[in-house]
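Produce the entire structure from the sequences given, and follow the hints as far as they go.
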Amino acid sequence: MDYRDTPEEAEFRASLRAWLAENIPAGWDKIEDRDEAARMQRAWHRTLYEAGYIGMSWPKEYGGRSLSPMYEAILNEEAGNLNAPRLPSVGYIGRAVFTYGSEEQKKRFLPPLLSGEAQWCQGFSEPEAGSDLASLRTLARLDGDHYVVNGQKMWTSGGQYADWCLLLARTDPDVPKHKGISAFLVSMREPGVTVRPIVLASGEAETCEVFWDDVRIPVAQRLGAPGEGWRIAMTTVAYERGPADIGFIASYRHTLRRVERLAAERGLLERPETRKKLAAAYVRGEVLRLNCMEQLSLRVSGREPGPEGSVAKLLWADAEQSLQHLAMDILGADCMTGAAGEWLGSYFTSRPVSVYGGSAQIQKNIIARMLGLPR
Amino acid sequence: MLALLDAEQQMLKEVAGQIARAAEVANPGDLKTRDRAAAWESLAQAGLLGLRVRDEEGRPSASGVEVAVVAEALGAGLVPVPYLGSAVLATELLALAGAGPEAEELAAGGKRAGILLNRDLSAPARLPGDEQGYAWDCDGAAEALALVEAPGGAQVVRVPLDGAFTPVAGADLTRSLARYDAPIDPSGLTRAGRPLTEAELARWEALALAALCADTVGVMRSAVTKAVEYAKERIQYGVPIGSFQAVQHMCAEAYVSAEAAASATGYAAWAVDVLEPGEALTAARTAKAQCGAVAREVTETVMQIFGGIGQTYEHIAHVHTRRALTDRQVLGDEDAQLLRIADVRLTGE
Ligand SMILES: Cc1cc2nc3c(=O)[nH]c(=O)nc-3n(C[C@H](O)[C@H](O)[C@H](O)COP(=O)(O)OP(=O)(O)OC[C@H]3O[C@@H](n4cnc5c(N)ncnc54)[C@H](O)[C@@H]3O)c2cc1C
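Chains as they are written, first to last, in numbering that gives the first Met the number 0: chain A, 0 to 374; chain B, 0 to 348.
Hints are computed from structural coordinates only; laboratory data are not their basis.
Careful, some of the hints might be misleading.
With a straight-line cut-off of 27 angstroms between C-alpha atoms, the simulated DSSO-like cross-links for lysine-lysine are [unchecked claim]:
(1) B:Lys31 / B:Lys110
(2) B:Lys225 / B:Lys12
(3) A:Lys363 / B:Lys231
(4) A:Lys363 / B:Lys225
(5) A:Lys105 / A:Lys178
(6) A:Lys363 / A:Lys178
(7) A:Lys59 / A:Lys105
(8) A:Lys176 / A:Lys363
(9) A:Lys176 / B:Lys231
Partial list, derived from the structure: chain A residues whose beta carbon lies under 8 angstroms from chain B [unchecked claim]:
(10) Gly129
(11) Ser130
(12) Leu199
(13) Thr234
(14) Met335
Even glycine gets a Cβ: it sits at the ideal position worked out from N, Cα and C.
Here it is, written out as structure tokens:
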């Protein structure tokens, strides 16, 4: 056990830091317009890609560098420390494609995914299939060398900016529900795809409803075997769940610094309760970080992510939501009067963390099962 | 002793409930379409805007309990009218100051007044000291009330809501807020009635807090009711989500917190006109401490029970959260109340 960087990691970290200091787009966090923010995000993806920072843990033959996932963790950490824009999350889609894809699919889809040329979204949930994802009803009917897709997806995050979608649809309604689902790689530009943004309580439209009307998908764009969709979805969700993968820890630290500054500006740093609460927020962040390091280390030693991801997801939701509570309490009335309205927005943005990627209740169910409790 | 509404109060509850249901904001879209003027008119016609107007002997026409009954009903419906601002906080201030005709004008419904609060919403604005602040719950009002230090107590003054005030988009989507950023021009102020004594101000604060609590209780109870209904209807894994113990416990916890807040609020509302002002105020602070402490958690739990849909702007859940969080701040959150309760209990202040 050694929590320090290896010499190679330390070297990587130092050169990365220097690179970030030069390349973080100036003023990116002042952009208010959502479309402009999306353009900035694409350009940032491209910049990272060209410098070789995207998909570092992927196999070389698919455009990666075959490095250990530790390097991605370092990237996440440093990007957060230096207040870089959000890092693109190619991990979970990429994982699905290179685990289950045909050689041809890998060649076709992985390079543009890495480079950021193609943005992806995840079309799993439906109005009637949230926690119970396996009950999804969107139908893909085989018609010669195409599937014809009909149905409605809900909560397709980033759907309004995406070029491609990892879509789950039912290909066999006659077998048990987990067995009749297949996964598809579909262009969002296909005729019959209609995207309607959903505005969240924060006022931001970060997720979408997507309607699929007679959308034709070539059979060659089915990922994996017919009926393999459930397994693919579970792999994806397991990779998506880790807060380390999405740079959460770094952005948490960054937010904590801002909250500490708020407290200082308001002259609250002398109050023992405030000091304790700020310190407790730091502790929650550290606990989460250390838990993630442990998970990551398991992964480096070859373990697939499993139910322990639920532990991190619960710690993550709790850390983020508690931090937003603390910010709100430090701001007091300013959070309600619009004087610090942006914090009310981030407060509402923290609420669905305990809903998406499997709700807090579902994560606890998973852990209870892992513990072998009687059902 | 009977900690329950009597028959007449029950009737009032039904009347208020009917008015509230007619003007209810059942989804955020209703905020644009509700006929707020008609809702105000029905409240005036039913006499509910005049509950605190005094008779010849100086007695209010109804007690704090009736005020709380109406406030809870309007809170439950998220009704976008300035009942607390105009009919409770402003009217009571005028009535206590002996400005009878002005109070009656508000009770008739033709005219409205808001209340001026300090910058952190924790107390009525004191002029000229509070150089920044907010007119709260001042929808349709041309003026708001504030206090000016005067010989013999705090003088109520009417502040015109003119160009010095900028409407702001606060958290609460159902009640309005206007900000002032510079010292208010003293030449524009009009006095109302005579200065208020400490005891009268305490009485006012007790009523104001009790009414705010009743509003919060309404907001919480109706939110919990909606979540429970949803848990019975929403099917996942082939069964209603309400059959999962995790969801049952979320519903039960939210319910317990809301009911506890309601118990404390009932007593506070009764105490306003019956107990000594200091005791009434402690009862009100007790209720506000409880309401403030649970408002966020209850409304968040409700959002969680609704899952993804409860996170969207078009869903009603966040409108509950926003109103409850605002109630929590107005006239002091739970921390402010606890400190004052500690002063009374521990230092005898
Ligand atoms: C902002 C946001 C972004 C999202 N992004 C995506 C995306 O990009 N792609 C995608 O496919 N999906 C996405 N989702 C969907 C998300 O995964 C679902 O919202 C989530 O799985 C919950 O489903 P639901 O909303 O239908 O709630 P429900 O499943 O209806 O849950 C309602 C309540 O019941 C509880 N519950 C349900 N079943 C059980 C049980 N068995 N035991 C105990 N409690 C239970 C839940 O915890 C919740 O509190 C997103 C959601 C949000 C809000």
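The hints, checked one at a time:
{"no.": "1", "hint": "B:Lys31 / B:Lys110", "in the structure": "holds (22 angstroms)"}
{"no.": "2", "hint": "B:Lys225 / B:Lys12", "in the structure": "holds (20 angstroms)"}
{"no.": "3", "hint": "A:Lys363 / B:Lys231", "in the structure": "holds (21 angstroms)"}
{"no.": "4", "hint": "A:Lys363 / B:Lys225", "in the structure": "holds (24 angstroms)"}
{"no.": "5", "hint": "A:Lys105 / A:Lys178", "in the structure": "holds (24 angstroms)"}
{"no.": "6", "hint": "A:Lys363 / A:Lys178", "in the structure": "holds (25 angstroms)"}
{"no.": "7", "hint": "A:Lys59 / A:Lys105", "in the structure": "holds (12 angstroms)"}
{"no.": "8", "hint": "A:Lys176 / A:Lys363", "in the structure": "holds (23 angstroms)"}
{"no.": "9", "hint": "A:Lys176 / B:Lys231", "in the structure": "holds (23 angstroms)"}
{"no.": "10", "hint": "Gly129", "in the structure": "holds (6 angstroms)"}
{"no.": "11", "hint": "Ser130", "in the structure": "holds (5 angstroms)"}
{"no.": "12", "hint": "Leu199", "in the structure": "holds (6 angstroms)"}
{"no.": "13", "hint": "Thr234", "in the structure": "violated (21 angstroms)"}
{"no.": "14", "hint": "Met335", "in the structure": "holds (4 angstroms)"}
Hint compliance for this structure: hint 13 is the single one not met.
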